[in-house]
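Engineer: Assemble the whole structure, with the sequences as input and the hints as a guide.
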Amino acid sequence: MNKNFKVFQIHGLTGLLFVMLIMAGLCFGFILFPIWAIMMGWNGMIGNLYNGPLINYYQASLLWVFIALCVYLFLKNSITIKIHTSESLDEDNIKKIIEEEESNKDN
297 MNKNFKVFQI HGLTGLLFVM LIMAGLCFGF ILFPIWAIMM GWNGMIGNLY NGPLINYYQA
357 SLLWVFIALC VYLFLKNSIT IKIHTSESLD EDNIKKIIEE EESNKDN
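Per our numbering, the very first residue in the sequence shown carries number 297; after that it's consecutive.
Fair warning: there could be bad hints in the mix.
[Unchecked claim] Label pairs and their calculated CB-CB ranges: (1) I318 to L358: 18 to 28 Å; (2) V315 to A364: 19 to 29 Å; (3) N352 to L385: 54 to 64 Å; (4) F304 to N344: 39 to 49 Å; (5) I377 to L317: 43 to 53 Å.
Read the hints as simulated data drawn from the structure, not as lab findings. We put the CB at the ideal spot given by N, CA and C, even for glycine.
Structural biologist: See below:
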């Protein structure tokens, strides 16, 4: 076993409250605050400056999920574009294909 690891034991109500505080902080920091910031930013810029539509918390959460997924996909490089070139056909292959097509038309 690796001796560099430390084991933290949670004892009693204070340990449980500490874990709940950490979970609430993570939830607020990575979920609720970005949703609030997106909603305020959108409503401040698009809504007030350009007289566009205002969004609510639900729409801001959908926009946050979209942004998070796009960042995840582009930073992970999971989207790849591959360009395949077909093999060049020489004259003999072209004549063979034309003859096969003409014979299929006759049948």
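Engineer: Please name the hints from earlier in the document that this structure breaks, with their numbers sorted from lowest to highest.
Structural biologist: Per hint list: zero violations.
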